[in-house]
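Protein chains: 2
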Amino acid sequence: MTYSELDSLFHPRSIAVVGASPDPYNMSFMDVIVEHGFPGNVYPVNHRGGEVLGHKVYPSVKDIPGPVDYAFLQVPAKATIEVIRDCGVKGVKLAAFFTAGFGESEIKGGSELEQELLRVARQGGVRLLGPNCMGFYCPAAQLSFAYNLPQESGPVGALCQSGGHSGQLVRAGAQRGIRFSKVISYGNAADLNEAELLEYFTEDPETKIIIIYIEGVREGVRFFQALRTATRAKPVIVFKGGRQEAGVQAALSHTGSLAGSAEVWDSLLKQAGAIQAYTIDDCVDIALAFRFMNPPRSRRTAVIGGGGGATVQAADECSSAGLILPPLPNEIKDELKKFLPVAGNIFKNPVDMSGVHSFQTIAQSIKLVGDWSEVDLLITHIGVEIGPDAMMKRNLLEPIADVFIRATKEVGKPAALVAYAFYTAPACLGILKVQQMCCEAGLPFYPSIQRAASAIDKLIRYHHAR
Amino acid sequence: MTYSELDSLFHPRSIAVVGASPDPYNMSFMDVIVEHGFPGNVYPVNHRGGEVLGHKVYPSVKDIPGPVDYAFLQVPAKATIEVIRDCGVKGVKLAAFFTAGFGESEIKGGSELEQELLRVARQGGVRLLGPNCMGFYCPAAQLSFAYNLPQESGPVGALCQSGGHSGQLVRAGAQRGIRFSKVISYGNAADLNEAELLEYFTEDPETKIIIIYIEGVREGVRFFQALRTATRAKPVIVFKGGRQEAGVQAALSHTGSLAGSAEVWDSLLKQAGAIQAYTIDDCVDIALAFRFMNPPRSRRTAVIGGGGGATVQAADECSSAGLILPPLPNEIKDELKKFLPVAGNIFKNPVDMSGVHSFQTIAQSIKLVGDWSEVDLLITHIGVEIGPDAMMKRNLLEPIADVFIRATKEVGKPAALVAYAFYTAPACLGILKVQQMCCEAGLPFYPSIQRAASAIDKLIRYHHAR
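Protein chains in written order, with our numbering: chain A, 1 to 466; chain P, 1 to 466.
Just so you know, the hints here were simulated from the structure itself, not pulled from any lab data.
Keep in mind that the hints are not guaranteed to be accurate.
Derived PhoX-like pairs (lysine-lysine); straight-line CA-CA distance at most 20 angstroms [as the list claims (entries may be wrong)]:
id, chain 1, residue 1, chain 2, residue 2
1, A, 108, P, 367
2, A, 56, A, 78
3, P, 108, A, 337
4, P, 108, P, 78
5, A, 337, P, 90
6, A, 413, A, 367
7, P, 337, A, 108
8, P, 108, P, 56
9, A, 333, P, 367
10, P, 56, P, 78
11, P, 108, A, 108
12, A, 78, P, 337
13, P, 108, A, 338
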C-alpha cells in the first residue's frame, strides 16, 4: 500500500462499531467515538438490534445503508470471520479488533483463527488492525480510542503494541503539552504490523517525532531497515516490552510476540539510531525535549532554583546524565551578590536562591545566570518541597511559577523547568497547574531534575550523532 | 552526653524563637510551632519588641521570665554569638540555627565565626544544632519544623543534613503512612554531628528504622563505626548528597561538607551494611517496605493486576529488581479459567486480569494467586492507566481499590499494592485516595512496580545479610 492509501485508512468518513452494547460497564467504543465528536456516520452493529446512544443498531455490517470505511469489532473471536467477510462485501477498508483470543491466547485454535481471519480479510480487500488492540486515535479525523483525549493534532506519531500503553501515552502526553498526529494501537499485528506502520510514520509529513512501544516483530528485517530509515528522518523513541524472561513470557501471552533477548534488541536499536525508553513516562519525557527544545549547541548547562539539598541533588543528577555544569565566573557571582543575600544561597552552578523573597530578584537571578555566554542550556527548578502547603496556603506557587516561566523563556536558550512534590492533594494540584502553565508557554516541564537531565541527554546524543 | 541527656534535648518544655518576626513572608518558626500546638511556653525574642501571634516579644533571651530549654535562632550570623552567650547564662540546653552564613558560605570569616560560636556554646553548656538547619521535628514533644506535619509519632528516625530534604521526607512519608520518632535537621554539624546523632538513634527505643541524608562527615571514623553498630540493630537507609564533582562543590556551599568520592562512600556504606537510596522518595519507598512488610521467606513473587502492557512491564521490572516470578502451575490456571475469560487475560505470572468486570472475580483471582504455596510475596497493581477518567467518571476506582486492598491483605503474605497515573487532576486525586486507603490498611503503596520491586529487593537483601 502507498503512503496515501495507508493514510486514508486513518481518516475514515464512516464507522461501524460491531458488537456495540448499551451496557455502560462494557467497554463501549460507541461511547468514546460519540464523546470525541466523530463527524461522520456511526453505525452500531449487534444482532440484538435496538439503539445505542440514539443510533439505530443494524443486525450486520451488510445491513448498514451507507458506505462504511472503518469497522471496529468488539465481538467474540469466533464471530469475527463472518464480520470480516461482511466487511469485504461492504467495501470496508480497515477493520480494527478490540477482540482478543487469537494467537496470543491459550485458546485452542487461536493462532489458526488469526490466520483464517487474515485470509478472509485479504480476499475481501480489508486491512486489519490488531486483533487484540484499541484501534487508533487520529485527532484530524476526530476519532479517539479512549475518553477525554485532546481534539488537537500535533507532531508526535506513535505505534503501540499495547492498548493500555497507547491510552497512557496520549493521556500523559496531553497533560504535558504533547499532541499527536496519530496513535495506532496494533496488538497482535496479524496484518498491519510494526514495519509497515513505521514506514507510514516515516513518510507522514504530520509526524515529526515517532514513539514506538513494541513487544516483538512480525517482520524483523523489514522493521530494522525501516527503523534505520526513520531515524535518519526524525527522532524515533523505542520502548521495548519483554526484556527479561518473565517479560518475554508475558509478551507472548499479551500480543503473541516473540520478544527476543534484551541484549540483541539493545544492540539493534543502537545500531539503527533509535532512542531507548523504559516506561511511557520516559517516552513522553524524551518527546517533550524534542518537541520544545532547539538542539543545544553543547552540554554546558546552567541550573538555578531553590533548596540546598535540592541544589546538591540537581548537581549530582545533571552530572550523572552527562550534562556539564561549568563553574560560575566571578563576574556573575558578584552581580548576583548585589541582590541575593550571601547567607543561605549558593553562588556556584547550580545556583541556590533559597533566601529570596522578591519576584523581581528571582527573575533577575534566572536571567543573569541564563544569559551567561558559557552555557547553552538552562534548567530552572522550583523547590516546592520545602513547604508545599505553606506555598499553597499563601497562594505563592502560581505567581512564583509565572516568574520562573517568563524569565526562563526570556533567556531564549534551550530550557526546561522542574517542579517537584506530588505529596498532598493541594501540592499535587499546584504542580499540575505549574505543568499546565509550562505547556501554555511551550516550556518543557519535568517532575524531577533527573528526568529532565536524562531526556536532555538523549536530545543532545541524537543531534550529536547527526 | 548519654542517650537520655541527648533525648531530653529533643523534648523541651519551653522554647525561645530568637529573631521571630510578625512578617508572614519571613519564614517564621513561631507560626509553625504554634500551628503544631506546642504545649509549653513559647517566647518570641526580638529587640524590636511588640507581639508575635499573641505572644509577648522579649528583647533578649535573658529577659524571658521562665526557664528556656530550647532556643531556635533566625537572626543574622553576626548576632548569634551574643544570643548563644545569653543562652548559656539562661541555662538553655539546645540552640538550633536556621541562620546561615557560616562555614558553608562565601562570607569572609564564616568558618571562624562558626568556631567562635562553638567555643561560646561550650563555655555556656549549650549544645548546638546546625547552624544552617531547620531544627527538629519530634511529634512526642509536639514540636514541628514545618507546617502541617503529622501529630502522631512513629518508628522511623531521621538525621538529615538538608533542611529542605527534612521537610520533604516527613511530608512524603506522612502521605504514605510513615510516621517519625524524630527528624533532626543538622545542617553544618558544628557541634551535634552525624556520628553523635546516629549513636543516639541507634540507642533510641522509639526508632526502629533510621534514614540518613548526609553530604559529608565531621567525624568520619566515628560515623562509620556508629553506622556499623546501627545496621546490626536496625535497618539504616542512607541517601548521600554530593556524589559527582558538581554535587561535591554544591555540598561544600550548602553545609560546608567535604563530600568525598562517590566510590569511597559506596564502598564504606556497603561494608557498614547500610541500604543506599538516591532520592527522598527512594528513602520513603524503602522505609515503607521495612515498616509494613514482614521479612519475605524468599524472592518468589506473585504479581496480579490489569493491563497487558502493564503486565509485560511488571514482569520486566520485577525481574530486573531480582524478584523471581515462578511460572503459574496448571492447577491455578485451571481454577482461574473457571471465572476469568480466557480471551484478553494472561494466565501466567504476572496474571493479567484485564477482562474482568466483577468485584468478586477480582478478589477471587487475587486470593487464588496470592495463596499459591510457591510464592512468599504478593504484588497487586491497579491498571488505572487504561482509562483513569473513565474509572473516575463511574466512581469505580475506590470500590476497585477497596477490593484489591482487602484481598491483598487477606492473603497474609508480605505484599504491596501499586497504582499508577498521575496525569489528570481527578486521576491524581484518585491515586492519592487509593494511597490513603492503603495507609489505613497498613499495606505499602507504590506508584510504580519498579519502585515497589526495588524497595522489596532492598528489604530482602537486608534480612538475607543477617
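Now for the hints, and whether the structure bears them out:
no.	hint	result
1	A/108 with P/367	violated (27 angstroms)
2	A/56 with A/78	violated (25 angstroms)
3	P/108 with A/337	holds (14 angstroms)
4	P/108 with P/78	holds (12 angstroms)
5	A/337 with P/90	violated (37 angstroms)
6	A/413 with A/367	holds (11 angstroms)
7	P/337 with A/108	holds (14 angstroms)
8	P/108 with P/56	violated (36 angstroms)
9	A/333 with P/367	violated (62 angstroms)
10	P/56 with P/78	violated (25 angstroms)
11	P/108 with A/108	violated (80 angstroms)
12	A/78 with P/337	holds (18 angstroms)
13	P/108 with A/338	holds (16 angstroms)
The structure shown violates the earlier hints numbered 1, 2, 5, 8, 9, 10, 11.
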